[in-house]
Structure formats: C-alpha cells, structure tokens
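Listed below are the residues making up each chain.
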Amino acid sequence: MASSHTIVRVSGVTKTFRMGRHEVQALRGVDLEIKAGEYISIMGPSGSGKSTLFNMIGGLDKPTEGKVFIDEVDIAQLDAYELAWLRNRKIGYIFQTFNLIQVMTALENVTLPMTFGGMSQDDAVEKGIELLKLVGLEGRHNHKPQELSGGQQQRVAVARSLANSPAIILADEPTGNLDLSTGAEIIELLRVLSAERGVTIITATHDYKMLNVSDRVIWIVDGRIDRIENRADLDIQVGEIKREEARA
Amino acid sequence: MAKTDILDKKPGDAGIRKQIVLPFRKSLQISLQSLRVRFFRNCVTVMTLVLAVAFLAFVLISSDLATGILNSNMPGCRMMLSKAGFDLPEGATSVGSSAKDRWIVILSLLVCTVGIVNAQLMSVTERFREIGTMKCLGALDSFVLRLFLLEAAMQGLAGAILGGLLGGLGALLAGLLRFGLAAAMHMPLAQVLASLGLAALVGMALSLIGVFYPALVAARMQPVEAMRAEE
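Residue numbers (the working numbering), protein chains in the order written: chain E, 1159 to 1406; chain X, 31 to 261.
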C-alpha cells in the first residue's frame, strides 16, 4: 500500500546560520521518517527551528550536515534541473503569507506550475478551473490577489499547491495570517485533501487547531525533536501541553 | 540508492531539461503583464532611456546634417557651418563632433547607465518574493533571467524608438532653423539612418546591461533566501 513506504527521511540534519560574527545553530541533529499519506504537524515555539527543518524537507534550503531523502533520493545530489522538477511535480508549497504572484489572476497563479511542467495552455486552464472549484472559489478566476480576502488567497494557494498533483504538500504556518474560523476552514480543506487524495501533508505550525487532524505531531524544541506523538495519545494530552507551555 | 516511484520515472538529463519549460509566448505574456501592472514606474525608467538616446541621436544626426551641407559644395556653406559653431579644418570632407561634444555624450550615457542600473535594481529587489515563489513552483534560474531580460528588452525598445524619434526630429528641426531648407535637401539619408540605428542600439544595450546583474543575482538565489530578503 502507498501508506507503507517512507516518503521523507531526514537523517542527522544540522543547520548553522551565520549572523554576522555569531553562529546560530537552528537545528542540532534531527532524524525523522514520514510515511506516504500521513498528515504531520511540526510544532514548536518561535525560533525552535521548525521552519528551518521544514525548509530542508521541502528542498528550499540545504542542511549544513546530514541528509534529506525524498522517496529515498538524497536531494543534495540533485542538480538544478532535477531540483526544479522535484519542486514542480512532487512537492506543493503553501506559505504563511500566501505568496501569490500579485500581478497574476487567481487562475494564472494556479496554472503557472502546470505551464512550467509542460502542460498545454488549454489543459492547464481546465485543470485550474477544476482546482479552484475544489477549494470553493468558483467564479473568481479572474480576480487578482489584492481583490481576494486572506482566506480566499490561501485557498488559491492550496489550489496552486495541487497543480501538478504532488505527492507531498508542505504548508508553513498556513493559518498564521488568518482568523480563527478561516484558519479552521483551511485546515479542514487540507484534511479532506489528505483523506481523499492520499497526499502527504506536512505543516509547520503553532496552531493547536491543527492537532485534531494530524496523524502525528512532532515537537521541536531548541533545534531537536523533543517528542513525537500519535493522534491517539494526543487528545488526552492537549490540556497538559497547554499548561506546560504556559509555565515555560 | 534505490529510487522508488517518485523519481524512478525520471528520465535522463535531457528529458528533465525538456520537462521543465516556459514557452517563449508565455514568458512574453508574463513580462508584458508585469510591465503593464507597473506602468507608471516603467514610464519613468523608459524616460531615462528616451532622454539618453534622444541626446545621442541629436548629436549624431546634427553632425550628419552638417556633413551633408558641407559635401553639397554649396557656395558659402563653409562660412555657414563655421558660423553655426562647427569646427572646420581646411579641406575637411566631413563634420565630426568636437571633443567637447563627445565628452558630453559619454557623460550623459554614463549618468543614464547609472540611472538604469538603479531603476532595474529596485525593480528586481522589490520582486524577490515573486522570484522565490516562482522558484518554489519549479522555475529554473534561466526562466527568471529570461523574464527580466525580456522586460528590459521591451523597455529598451520603447526607449530607443521614442528617443530616436525625438532626437532625430529635434536635430532635423534645429538643422532647418540654422541652415534653412538646405539642411533637408542635402541630408545624407543613409548616414542619418545609421546614426538613428546606433543610438537605438546603445539604448537597448544600456537597458540590458542595467538589468543583467541584478537579475542574475536574483535568479541564482535559493528560494528561501529570496523570500526572506524582503521582510
């Protein structure tokens, strides 16, 4: 079954940033395995290194030491073309700040990855319209990002991340810039996608609403994995976690 | 290392090169769209080029016109040219621009280059996030570079055409005022066209030179860096 094989493997990853004369260690050795079809949340306080880990998994940044494997292929070994191909076909990105291209309409934003992927214009438009319908934005194809609300922009971003039917969707604080109910809608949308399409979803977040839909939650503290929890254990602990955080 | 189903369909290098594409028509469309959205800003950038090209064309064509008059062997033409301020050594067959003119032209072009580089640097910098996003969606470095070069080429073309027209007309009018109809009658058409072409070419080149470095830097950025840069 698809759910049995490892799609992301992180082994011994460290990352050091140079800030002027200081060296800041954002990650201090992370090992992690993610199975295809899982819904994973990476949680942790600001500055814990979760975004850094997240960028490594997405091939957006290179680790200082250690390796990241996407489907058992070491992404450090890929050349520029292969990396672009990976980002284009296999990974869909969703960002906290939506990052739609401002000069393009919703539909053009969604079809851009398909164009890069070599799809013909007609097919891309057809699929783009279908995807916008899927995220509940029917009839807003020709709106520019400025003409859409935050929640709607994030929906466009979700549609865009699905453009080339990726195996993995990486969402970096997808609800960070949204209000409670809009955030909940986006989370529900991701949950449905994960359940219906079998897409592996990896989110970096500190939104507790995300916990209820995650298969596993990975807690990052101070550049290391603090603990990994399955959803079954989670419901009991949510209250405790909150208290712990409050005390800290 | 076992390659399983995600990457095992991956064909050889040549295959991948073909799999990530940005058709020329699409890049043209994206560039035009970006230009249209930032219309006013682009007008200012293009104005810099227009002025530089116009000045260059004016100087070149003025001296072409003067040469035309000189070679017409009209009685009193040397007197007329000297009076108009052209340096004419005995026995000269063409009117070159004076050293002072050349310096002014070179200086104006230098100032224009700096202006263009500045404008293009701004325009690339404010679009770091857009570039980063495109790279996350699978754009290659060359796509980013191509988009910016296309934009600059279009700006350059517009600037060169407008500037050439403005400078050429200006020189013609000035010639008519100074020398009367003789200027038009003895105009060496081929040389005037060559001068126009040269001025336009310089304008295009300036625009491309201005955008090349910032675009190259932007295109080579890691996507995360590009997206962080703006914040």
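Don't read these hints as lab results, they were simulated from the structure.
In this text, all values refer to a predicted model and were calculated from it rather than measured experimentally.
Please note: incorrect hints may appear among the correct ones.
[To be verified] Output of the computed footprint for chain X on chain E, the stretches with three or more beta carbons under 8 Å from beta carbons of chain X:
| hint | stretch |
| --- | --- |
| 1 | 1183–1192 |
| 2 | 1287–1300 |
| 3 | 1372–1384 |
[Claimed, not checked] A few chain X residues that face chain E, going by a derived Cβ cut-off under 10 Å, partial list only:
| hint | residue |
| --- | --- |
| 4 | Gln49 |
| 5 | Ile50 |
| 6 | Arg55 |
| 7 | Asp117 |
| 8 | Leu118 |
[Claimed, not checked] Taking CB as the label site, the calculated pair distances span:
| hint | chain 1 | residue 1 | chain 2 | residue 2 | range |
| --- | --- | --- | --- | --- | --- |
| 9 | E | Gly1187 | X | Val247 | 16 to 26 Å |
| 10 | X | Gln252 | E | Arg1385 | 22 to 32 Å |
| 11 | E | Gly1297 | X | Phe70 | 27 to 37 Å |
| 12 | X | Leu187 | E | Ser1323 | 47 to 57 Å |
| 13 | E | Gln1279 | X | Phe70 | 38 to 48 Å |
| 14 | X | Gln63 | E | Asn1335 | 34 to 44 Å |
| 15 | E | Asn1335 | X | Met152 | 21 to 31 Å |
| 16 | E | Gln1279 | X | Leu199 | 40 to 50 Å |
| 17 | E | Gly1187 | X | Ile136 | 57 to 67 Å |
| 18 | E | Glu1346 | X | Val141 | 52 to 62 Å |
Just so it is clear, CB atoms sit at the ideal spot from N, CA and C, and this is done for glycine as well.
Going through the hints against the structure:
With 0 residues having a Cβ less than 8 Å from any Cβ of chain X, the stretch 1183–1192 of chain E misses the three-residue criterion, and the hint is violated. As drawn, the stretch 1287–1300 of chain E meets chain X at 0 residues by the rule of a beta-carbon pair under 8 Å; below three, the given contact is violated. For the stretch 1372–1384 of chain E, the stated coverage by chain X is violated: 0 residues have a C-beta nearer than 8 Å to a C-beta of that chain, whereas at least 3 were required. The interface hint given for Gln49(X) holds, since its Cβ lies 6 Å from the closest Cβ of chain E, which is under the 10 Å cut-off.
Because the beta carbon of Ile50(X) sits about 5 Å from the nearest beta carbon in chain E, less than 10 Å, this interface hint is met. With a cut of 10 Å, the hint placing Arg55(X) at the interface with chain E holds, because the nearest CB-to-CB distance is about 9 Å. For Asp117(X), the interface hint is violated, since its Cβ never comes within 10 Å of a Cβ in chain E; the closest pair sits about 52 Å apart. A least Cβ separation of about 55 Å between Leu118(X) and chain E goes past the 10 Å threshold, and the interface hint is therefore violated.
Restraint check, Gly1187(E) to Val247(X): a C-beta distance of roughly 33 Å breaks the suggested window 16 to 26 Å. Between Gln252(X) and Arg1385(E) the Cβ separation comes to about 31 Å, which falls inside the hinted range of 22 to 32 Å. At about 31 Å, the CB distance of Gly1297(E) to Phe70(X) agrees with the hint of 27 to 37 Å. A hinted range of 47 to 57 Å is violated for the C-beta pair Leu187(X) and Ser1323(E), which are about 40 Å apart.
For Gln1279(E) and Phe70(X), the Cβ-Cβ distance of about 30 Å falls outside the hinted range of 38 to 48 Å, so the restraint is violated. The supplied range of 34 to 44 Å is broken by Gln63(X) and Asn1335(E), whose beta-carbon atoms lie about 26 Å from each other. For the pair Asn1335(E) and Met152(X), the supplied restraint of 21 to 31 Å holds, since their beta-carbon distance comes to about 26 Å. About 42 Å separates the C-beta atoms of Gln1279(E) and Leu199(X), a value consistent with the hinted range of 40 to 50 Å.
Between Gly1187(E) and Ile136(X), the C-beta spacing of about 59 Å keeps the proposed range 57 to 67 Å intact. Between Glu1346(E) and Val141(X), the C-beta spacing of about 58 Å keeps the proposed range 52 to 62 Å intact.
Checked against the numbered hints given earlier, the structure breaks hints 1, 2, 3, 7, 8, 9, 12, 13, 14 and satisfies all the rest.
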